[in-house]
Every structure is written in C-alpha cells, then in structure tokens.
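S.K.: Based on these hints, arrange chain B on the given structure of chain A.
Number of protein chains: 2
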Amino acid sequence: MPTESKVDVLVLGAGPAGLMCAQGLKRAGVNVRIIDKRPKKVAAGQADGVQPRTIEVLQSYGLAERLLREGNQMHMVAFYNPSPNGGIERTGRTADITAPSARYPFEVTLHQGAIEAIFLDSMRELGLEVDRPIIPTALELSHDENELRDPQSYPVKVTLKHLDFGSEGQDDTEIVYAKFVVGADGAHSWVRKTLGIIMDGEQTDYIWGVVDLIPSTNFPDIRNRCAIHSSNGSCMIIPREGDKVRLYIQLSDKDVVVDKATGRVDKEKTKVGPEELLEVARKSFSPFTIEKAGEIDWWTIYLIGQRVAQKFSVHERVFIAGDACHTHSPKAGQGMNASMNDTHNLIWKMTYVLRGWADISLLRTYEFERRKYAQDLIAFDKKFSALFSGKPRTEECQDGVSHEAFLEAFQTFGAFSCGIGIHYSPSSIPSMPNITELKHQSLTSHQTVGMRILPHVFVRAADARPFEIQDLLPANTKWKLVVFVGDIGPGKIKQIERVAKLADDLGKSTGLLKRNA
Amino acid sequence: MPTESKVDVLVLGAGPAGLMCAQGLKRAGVNVRIIDKRPKKVAAGQADGVQPRTIEVLQSYGLAERLLREGNQMHMVAFYNPSPNGGIERTGRTADITAPSARYPFEVTLHQGAIEAIFLDSMRELGLEVDRPIIPTALELSHDENELRDPQSYPVKVTLKHLDFGSEGQDDTEIVYAKFVVGADGAHSWVRKTLGIIMDGEQTDYIWGVVDLIPSTNFPDIRNRCAIHSSNGSCMIIPREGDKVRLYIQLSDKDVVVDKATGRVDKEKTKVGPEELLEVARKSFSPFTIEKAGEIDWWTIYLIGQRVAQKFSVHERVFIAGDACHTHSPKAGQGMNASMNDTHNLIWKMTYVLRGWADISLLRTYEFERRKYAQDLIAFDKKFSALFSGKPRTEECQDGVSHEAFLEAFQTFGAFSCGIGIHYSPSSIPSMPNITELKHQSLTSHQTVGMRILPHVFVRAADARPFEIQDLLPANTKWKLVVFVGDIGPGKIKQIERVAKLADDLGKSTGLLKRNA
Numbered sequence: 001m002p003t004e005s006k007v008d009v010l011v012l013g014a015g016p017a018g019l020m021c022a023q024g025l026k027r028a029g030v031n032v033r034i035i036d037k038r039p040k041k042v043a044a045g046q047a048d049g050v051q052p053r054t055i056e057v058l059q060s061y062g063l064a065e066r067l068l069r070e071g072n073q074m075h076m077v078a079f080y081n082p083s084p085n086g087g088i089e090r091t092g093r094t095a096d097i098t099a100p101s102a103r104y105p106f107e108v109t110l111h112q113g114a115i116e117a118i119f120l121d122s123m124r125e126l127g128l129e130v131d132r133p134i135i136p137t138a139l140e141l142s143h144d145e146n147e148l149r150d151p152q153s154y155p156v157k158v159t160l161k162h163l164d165f166g167s168e169g170q171d172d173t174e175i176v177y178a179k180f181v182v183g184a185d186g187a188h189s190w191v192r193k194t195l196g197i198i199m200d201g202e203q204t205d206y207i208w209g210v211v212d213l214i215p216s217t218n219f220p221d222i223r224n225r226c227a228i229h230s231s232n233g234s235c236m237i238i239p240r241e242g243d244k245v246r247l248y249i250q251l252s253d254k255d256v257v258v259d260k261a262t263g264r265v266d267k268e269k270t271k272v273g274p275e276e277l278l279e280v281a282r283k284s285f286s287p288f289t290i291e292k293a294g295e296i297d298w299w300t301i302y303l304i305g306q307r308v309a310q311k312f313s314v315h316e317r318v319f320i321a322g323d324a325c326h327t328h329s330p331k332a333g334q335g336m337n338a339s340m341n342d343t344h345n346l347i348w349k350m351t352y353v354l355r356g357w358a359d360i361s362l363l364r365t366y367e368f369e370r371r372k373y374a375q376d377l378i379a380f381d382k383k384f385s386a387l388f389s390g391k392p393r394t395e396e397c398q399d400g401v402s403h404e405a406f407l408e409a410f411q412t413f414g415a416f417s418c419g420i421g422i423h424y425s426p427s428s429i430p431s432m433p434n435i436t437e438l439k440h441q442s443l444t445s446h447q448t449v450g451m452r453i454l455p456h457v458f459v460r461a462a463d464a465r466p467f468e469i470q471d472l473l474p475a476n477t478k479w480k481l482v483v484f485v486g487d488i489g490p491g492k493i494k495q496i497e498r499v500a501k502l503a504d505d506l507g508k509s510t511g512l513l514k515r516n517a
Numbered sequence: 001m002p003t004e005s006k007v008d009v010l011v012l013g014a015g016p017a018g019l020m021c022a023q024g025l026k027r028a029g030v031n032v033r034i035i036d037k038r039p040k041k042v043a044a045g046q047a048d049g050v051q052p053r054t055i056e057v058l059q060s061y062g063l064a065e066r067l068l069r070e071g072n073q074m075h076m077v078a079f080y081n082p083s084p085n086g087g088i089e090r091t092g093r094t095a096d097i098t099a100p101s102a103r104y105p106f107e108v109t110l111h112q113g114a115i116e117a118i119f120l121d122s123m124r125e126l127g128l129e130v131d132r133p134i135i136p137t138a139l140e141l142s143h144d145e146n147e148l149r150d151p152q153s154y155p156v157k158v159t160l161k162h163l164d165f166g167s168e169g170q171d172d173t174e175i176v177y178a179k180f181v182v183g184a185d186g187a188h189s190w191v192r193k194t195l196g197i198i199m200d201g202e203q204t205d206y207i208w209g210v211v212d213l214i215p216s217t218n219f220p221d222i223r224n225r226c227a228i229h230s231s232n233g234s235c236m237i238i239p240r241e242g243d244k245v246r247l248y249i250q251l252s253d254k255d256v257v258v259d260k261a262t263g264r265v266d267k268e269k270t271k272v273g274p275e276e277l278l279e280v281a282r283k284s285f286s287p288f289t290i291e292k293a294g295e296i297d298w299w300t301i302y303l304i305g306q307r308v309a310q311k312f313s314v315h316e317r318v319f320i321a322g323d324a325c326h327t328h329s330p331k332a333g334q335g336m337n338a339s340m341n342d343t344h345n346l347i348w349k350m351t352y353v354l355r356g357w358a359d360i361s362l363l364r365t366y367e368f369e370r371r372k373y374a375q376d377l378i379a380f381d382k383k384f385s386a387l388f389s390g391k392p393r394t395e396e397c398q399d400g401v402s403h404e405a406f407l408e409a410f411q412t413f414g415a416f417s418c419g420i421g422i423h424y425s426p427s428s429i430p431s432m433p434n435i436t437e438l439k440h441q442s443l444t445s446h447q448t449v450g451m452r453i454l455p456h457v458f459v460r461a462a463d464a465r466p467f468e469i470q471d472l473l474p475a476n477t478k479w480k481l482v483v484f485v486g487d488i489g490p491g492k493i494k495q496i497e498r499v500a501k502l503a504d505d506l507g508k509s510t511g512l513l514k515r516n517a
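If you read the sequences in order, they're chains A and B. Residue numbers for the first sequence follow UniProt numbering, beginning at 1 and rising by one. Residue numbers for the second sequence follow UniProt numbering, beginning at 1 and rising by one.
With the rest of the complex left out, here is chain A:
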C-alpha cells in the first residue's frame, strides 16, 4: 500500500516559479510541500537576469539583500553596429533601466543555481526542504462541484514516484491529497500535458547559442550589457557575477539541425559546440578580439518558441506557472522574472482563500492577470526578437534594422521589461476586504491593479528615522492600512483632530483593527 498524506498546497517543480511559491506559502503559515525530479539544484547556466521590479518583490520577502551581495549589476547598455571601416563600432550607450521610479535602477545577473540557493536557504530556515528526486505519475481532479467549491476540501489526488527508492525494495509510490496543486515544472510541463492544456503560438526560425565564460578581450564594454549588430550576425553580452560573461550568439539554420518532431535543436546531429559558438562570436566582435580565459562554464543552443498556454488552471485547483505556461526568447531577460512573478501573484491569493479571508473565486484573477501579461510579453518579445535577430542597416542593406529603431524599441519597452510597468485590468480585487461599514470603498475602483506602491522614503514622526515605505509593507500576507494624514504640523488643529478620531475609531474594541478579517 503506498503512503497517503494530505497537504494544503503541493508544488511540482523547484525552479524559480516553484521555489518562489513554496517559500511564500511557507512564510504565510500554509501547509505546503514541494517536490522536484532533479536530485540536486541547478549548478550553472540557465536563467540569470533579475529585473528591477523582481528585486523589489524579492526584497518584500527579505530575499534581496543576498541577491544584491552575490550578483552582478547591469547599469549600462551599449549598442554596436557595423562600422563604415568594416567590423563594428559603438553607436551609443544608455542607462540599462529607464523606468524613473525603479527603486533598484539596474538588472542583477546571477546564475540560476545561486538564485535557487537563496530560496532554498530561506526555506530551510522556515523548516521546508525540497523533496527530491520525485516525479508525479498521475493526477486526478474531483468532479464534485461542492468539493471544488469548498476551499477546505482536498479535490486533487496526485501519485508520486520516488526515483531514489526501489533498489532497496521499498515502495516508491506515494499518494498525496491536496487542496491545491501548482505545476511549476518547466517548458515541457508534465502537469500541463496531463491536464491537456494547449500552448498557443509558434516556433520562430531564430536560432541562438549561449556560452557562459570568463573572457579575455579588448572589447571596451565587456562589463556592460551590449547589443551587437554586425554584418556577421547579432550577439548580446550579459556580464555576470565574478568575471563571467554570457554571450548570446545568433546562428544560421545551416549551422543547426532541428528535430522536426519536437521542434527542438537536435544536439546529437548538430555539429556546433561551445568552441564553434565562440568562433561565430569572434566574427561579430571584429575588430575586437575575444578568447576564453578558462573553461566554458555552460552552453546551449535553442530555437525561440513564442507560446502561451490556453489556460493557466483547471477549476482554480490545479495551476500552472512559469515556463509551463509561457515560453519566449531569453534575451530580454524576462523568463525567470515572469516565472517568479506568476507565483508571487498566486501566493497571497491562495493564502487568503485557505484562511477564509477571500472567496475562492479570487483565484480566477490569477489566469486573468498573468495570462494577459504573458500574451503582452510574447508580443513584446516578437518585436524585440525580430529587431535583434534582423540584419543591421548598412549601405548595402538599407532595409536592415537601424541603431535608432533598436534604441527606440529598447526604451519604449523599458517600463514593461523592467517589470514596473506591468499592471492588470480592472477586477474585484480593489474592493477587498469586503467590509460593509467602509463607506468609501467605491473610491478604490480608481486603483490600478498590480501597481506597487512607489518607492519613497518617509520619516517616522516618533524618531525622525527615515524608512523606505516598501520595507514597511513586506509581502507577509497581511492586510496593510496606510493612512496619509496630510499636514498635522503646529496649528493644524482640525486635521490633527481628524487623525486622532480615526486612530480612536480604529483602536476601539469594535474597530477595524480588532476585527477578524
């Protein structure tokens, strides 16, 4: 007989989306379990760019300090284009982040394993570890409507298989009954396929290689993000932690063999390896030189697919998040950010529903908000990838992409790509909490959903200590009450009286602060 157990939330997959989800739920006191098929966390390569808004989100969970200590910061972006003398030349430099309200006006780059370690260590302090190596083998969702409507029921039955069992004759199968399941199991998501959710979109014919290395180079912008458009192809430079650099290198379809069935690069038949990638990069870099100063840290080759899942959940009981519901080009540095922010969106909603603070219908806003965002992301990615993968404008190629067109696109998409411009369509969220005594609740309809409070330093009246208001509003799954009291300086008796009355009312035994949510 397999072991059986119950859990509030079962998270499948311990990449950035799954780890964000698990740590946030654990912090909120939710009974959560997270499993992963890999025996260990990622060691190198993979995603590595953390956008300004994501840094703010991590800070709201107390996780940004270590990210900032360990990561590299990208403050500047440089653009290189064909020089009339042959080779490339710098055509401009600008701030990497153009959103004026960014609290952290830069991107952080750090390899995915180090970012996962930040989550894993913080989870360990909270008493939560990833169970691994485990894979799900079956998932059943109840059809009983009453059961589906009751947030305290366990309508999802998941069968798990322990990959490290069996050799000792143990039963490697386990049954888990969950109130909710989050499938954060990557681009080839087992959860998505099991639920029969279709991905909308298409494969592009843009083929790129990625190499992580410590370079030896005379290229002057090697520590800046660079977009190189050369007559020999495009290349993007992402400086990384330590002395590492990531190169995104455009390949032509004659370099690469694509498996028609899967639409993925056939790494067996493709004769391109890291040395060949570096050789292609060298041609784009000319007249500058670039060599590896040590071993190649990590490399891959991929075709850009631009797809969004048709649904992000089934009955708001099983969700998919991260790469499981959207795939796109990595070069705008969005992947890990989109993934972590998917589950950041889900954490407080699941917690409120489990606590009985919100109706289960709140969970519908997850797909409503995040699917629209994913579609916008793909639209952005299509324009950006086309500009980036396109031929540069030269005398011989007058219909190529000009520096001006690329720069304009870069800056137009700035607020979106740094995450600060991501907002959601109107929904019932601003009218929560649904407290009938609140006479002026209707005023909240003017609020933009998904817009975070602007970072701003406030001075505490009691001791003149400055505080960043974002730090006073952590992501701790509690309601926050912020009162902007206006001018209560000397002589402003009437305003002082209004504030005093509000404080009195709130503090009463029947007041808002004493109520259960």
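Read the hints as simulated data drawn from the structure, not as lab findings. Ideal Cβ positions, reconstructed from N, Cα and C, are used throughout, including at glycine. Mixed in with the good hints, there may be bad ones.
Taking CB as the label site, the calculated pair distances span [what the hints assert, rightly or not]:
#, chain 1, residue 1, chain 2, residue 2, range
1, A, Q152, B, A43, 30 to 38 Å
2, A, I488, B, I493, 29 to 37 Å
3, A, R90, B, H456, 50 to 58 Å
4, B, E147, A, K40, 51 to 59 Å
Capping the alpha-carbon separation at 30 Å, the derived lysine-lysine pairs in DSS-like fashion look like this [said to hold, decoys possible]:
#, chain 1, residue 1, chain 2, residue 2
5, A, K514, B, K292
6, B, K514, A, K508
7, B, K269, B, K292
M.R.: Showing chain B alone in chain A's frame:
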C-alpha cells in the same frame, strides 16, 4: 608543570576594546589569543551608543550591517527646560548628528551584549573564540633591549589562571609568551595596575543613576535623545533597540553613599534602587508621566570620574586600551567608541610591525595619538558634564545653564563627539611606505593623520556601477593605492596618456604593485 605556549598577541579582556582588537588581528592573519575573566558575555545594560564614525569603522571590517539591522537609530535630539508654568517644556529640537560628512548621520543604540555578539560571531567565523573564564596573575616584561627591539621576539611572559579548573584537580595555571600584550581589561584594569601606570585626573561630585526599561509614558519625545533640565534635576533619555529606553538620572549626594577609599558608590549602604531612580525621574518629567511597562532591564549608579592614564604602553610591548586608560561620563555616548577606536588604531600598526612592513617605532604613535585624544575627550566631557549637571536657568536661578548655552555646546562639540572630527598631530605616518623611488613622498606632509577618506559615491568606469569609496577601502591591513585620474573623457588625450603611463609603470615587473612592501 604549567602548560607553556607562544602567541603573537595576547589580548586581556573581551569587552568592546578587546574584541575589536582580536577580530581585527585575526582578520589580518595574526596569531592572536583573547581571554576574559567573565564566564559569559554581557547580557544587558552597560555601554550602548555607537557614533557615526564608529559605524564607519565597523563597516570597514564588515560588521556594520548587523549593527544597523539590530540597533535603534537616534536621528533627533530634543531639549526640555523649566516651563514658566512649572514642570518642563520643549525648548527645541535639532538633528542629533550635525557633522555634514557623516556617512551614517545618526547614532546607533544597542546594548553592549548585542554588540559583543557581533564581534564574537564574526570571530567564530574566522576561527577565534574567547578563552574564559581566565584571569592573568603575573606579567613580566624582558629588560633585554635587543629582545625588545626585535618584533619577532617574545618579551612578555604572562601567567594565566583558569577559573573553571581546579575542582577536578587540574593544574589551573598556564604560561603564555607573547610578542605583544593588549590590556583591554576595563576601568579597574589589572594590567594597568600591574604595570604601575597612574591615572591623572579627578572624581567629580556628579552622581548619576541609569535605568533601562520599557516605558509607558505620554512624553512626546520618548523615541528621541532628550536632554531634560528641570528644577528637580537633569535627565537624559536614550531610546534603545526594541521599545527600550535608557534614562540617565541626576542624583544629589544626599541620595548616595560614596566609599571614601575607592571613590565608588557604596551600593550596600546606598538605599537607592531602580524604583527610587524612577521616582526621581518622574519629578524631572512633570507634567509628563512615565511608568515602567515591564521589568527594569538593568540599572546602576555611578560617580563621574574624569581620568587619563599617564602612559598607554610600556616599551610598546604591553599596551592598555579602552576604559583601562580613560574614564569619563557616559552621557556623551563616547565610552565604547573611544575603546573600540583605541584598538582599531593599534590593529594595523601591530600587524604591519609583525609582518615587517613597518619599524617597531610605529607603535609609539598609538600613545601619541590616542592619549591626546583621551585628554581632549576629558576636556570635552568636563564642559559637557558641567553644563548637563548644572542647574537650568530660570527666573529664580539667573546664573543657571540656558538652553542656548547648552545647544551651542552641543553643536560645537558635534564633529568631535560623532568621531569624524578626531584627527591626530603630525607624525611619520604619512611618509609610509618608505619607498625611496617615490619622488613626491614629501607632498604627504600636508595630510592630516587620522582623517578618513570622505564618504562619496564613485561610478565604476567599466560598468557604470556606483560604489561608496569607503567600501572599496576596507580595514584589511593592506596598502591602498587610489589614483584620482582627473578628466579622461573623449578628447583628453594628454591626460589619458598620463594615466596609461602610470598604469604601465605600476604593472611592470619592477613596478610598485609587484614589490614586497
């Protein structure tokens, strides 16, 4: 036979001076040992104010982050004086720190035990623990001049007694041969007495009580530093970590019995306890009320002594530091700062001498610099204590201390008391390193010894990342070379060439960077 061992530096006493010393030496790779007579670190009370310059010093060892996380910040100071209507009223508020160049423009308050824990934990990471409970019982210094001159000799023999041995019949005695000994063993220093060093100065007749408590009060400035001059005596408020507050309460000599022999308060015969102290405070606070909201955390009564040791070392082989060489009023918040900065002054000098990077005569500058500082501190303390302990000016008392006079003194001494204005007299230090090829070494005679580099954000040319220059110059006992390159922007060919030549020269195999110090 007692155990015998050798050590480069033996530190006696694990208070702030001793811990600063031990962690800095250990960080520098010096073979250091630290002992203390207490079986455990301080748990509450004692010193608690960390001045802006001391925060910078702690930051230079990587220790400020935790201090800032755990401590309270004092940004504002409020002044209360007798009201014409009886009781007290606020006569002014101003910034607690007036030094314009302070990187941290506030004081941090945190109890001594928590500050010691920051040192202890950082030492543990470096592999160093305090040996305790141990006391020194004998100290002999060689008279051999050759031995004293050789920094690699062990001219100090210290006998130690293990207080937790003996009951099991173990030999509780141990002999340590040290190159250098630092006596950081407090106001009643055994090292100082054993060396026969006299304290110059005198006892005042100012008697003060101290109470640490969580208050319940309607006093509006309870979270600010406050100087209260009332007709019922003076009181100082120091807000502390959490909701704690420290009150310094002026007592009259009729409240307290002083032991004529020791000059210390006879706590047995004195009938004043924490409740009586609070009762005295209540009179100063009127018309405001103050009660304790829980238990009294810590309390004491003391007479202010203002003394400086005649010598800070014997033959630059045995040093005294911290309270062992200066005692003064605690109310200007200097004690722990003076102590930690004594040994901060000693760490790099001892390290350089031990490494052979500097002549042993460098160590003479310790007393030269820190004794003069201690004398200035006492002079400051005399003026400040007199103003603070004096009667306030009222209609009946026209020769009392006016608010204006007190405020002026507070601001005049601002740079000194926050630590940033502490500089030393000219010495041989600016002409180190003594490299004959440096043609322009004589220019260093214009440098002010002890002045730290101004905090300022510089943007790194390679990646436009801003750095606080103080963070690029940590207290890691290495020479630092800072080149201010002037304008090397586009077109500044001549200046670019000068900088390139300097870089070439420095990098040569015979260049400065390749030399042993």
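S.K.: Starting from the hint list further up, note which numbers the structure goes against and sort them upward.
M.R.: 1, 2, 3 and 6
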